[in-house]
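Visitor: Under my numbering, the first residue of the sequence shown is numbered 1, with each subsequent residue one higher.
Rather than coming from a laboratory, the hints here were simulated on the basis of the structure.
Heads up, a few of these hints could be off.
Within a straight-line C-alpha distance of at most 25 Å, the following computed SDA-like cross-link-like pairs (lysine to any residue) qualify [stated by the list, open to error]:
| id | residue 1 | residue 2 |
| --- | --- | --- |
| 1 | Lys-255 | Ile-282 |
| 2 | Lys-58 | Ala-311 |
| 3 | Lys-251 | Thr-227 |
| 4 | Lys-251 | Pro-109 |
| 5 | Lys-251 | Ile-321 |
| 6 | Lys-116 | Lys-58 |
| 7 | Lys-255 | Gly-236 |
| 8 | Lys-58 | Leu-69 |
| 9 | Lys-255 | Gly-245 |
| 10 | Lys-58 | Ile-321 |
| 11 | Lys-255 | Ala-283 |
| 12 | Lys-251 | Gly-272 |
| 13 | Lys-255 | Glu-108 |
| 14 | Lys-290 | Leu-144 |
| 15 | Lys-58 | Ala-20 |
As the structure is a prediction and not an experimental result, all values here were calculated from the model.
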Amino acid sequence: MLRFAHPDYLYLLAAIPLLAAVYVYAARSRRRRLERFGNPQTLAGLMPEASPARVRGKVVLFLAAVGLLTVALARPQLGSRLREVEREGVEIMIAVDVSNSMLARDFEPNRLERTKYAVEQVLEGLEEDKVGIIVFAGDAYVQLPITSDYLTARNFVAQLSPDMVSRQGTALGSAISLAASSFTSESENSRVVILITDGENHEDNPVAAAEHAASQGVKIYTIGIGTPEGAPIEFGGDFIRDEQGDIVVSKLDEKTLQEIALATGGAYVRAGNQSIGLQEIIARINETEKAQLAEMVFEEYDEQYQYLLAAVLVLLLAESIILSRRNRLLARYDIFNRRQPDSTR
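Given only the sequences and the hints, what does the whole structure look like? Please build it.
Guide: Here's what the structure looks like:
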């Protein structure tokens, strides 16, 4: 496994195209200035030692050295040995409603974007727990299986959108059943589902699914995002309308979410514009009984930057050896036999 000890240094690679652009600009400016004095072909004859190709070659070598040096500063490392590590934590499945109703704007900028931001903030604070992500609308899908890779989890959360589920609706029961079956065998009584939705169920019986999940040792915390008054749903630049042509207003269904949480010994939290309640729920989860969660990690890493530094030295040495002008002393010996013998002698 390849990783970088200091990946922030890789941002410096963006300087290479800028340096190349500066060189191109300088070369064009120099050529325009020379053209003011006369025909370029005539001027080339007056400057036999000038070698634009050599200058370009030196620039390429220098830029390559800068690129390799930047990667070396980031300290690339290769994992050399795997080791199983046991941690005390909880397995958390986060089930996020991505139906069109989550586009309602009673939260800024809308319910779904507010949810994504809050989940990303929580993932940044996790350390020992494992996490997975489920998306649901008319159907439910595991977007990310249980993992301790929080960076990957944040990347998945950032991509959540209604386009991820083809069939619209809100199948709370399917999401709960899928989440309950997605835990590993080692978590036992340390299984938590965080269900984030506006609670408008149109498909199945979520309370029955919650009761079955409770029998498997799953505790469900529900977060209602939305307001009881509701808000219209804007999609594709227009508001969604029903069959009669009236604008559809999506309202928070707190009763269903409270019953789901009660059936599993969890809790219900209504989201607010300042906080959707995830931090409060994580605080309660931290009080939950912990399980011994096994994980395979790379125990040792071999540094690879020294090979890149060696390549940088070679490139810089080559760049310094190559002269920007043709060598006048070597040209006297006519190494390549460019002059033709005089036939009159």
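Visitor: Which of the listed hints are not met by the structure?
Guide: 5, 6, 7 and 9
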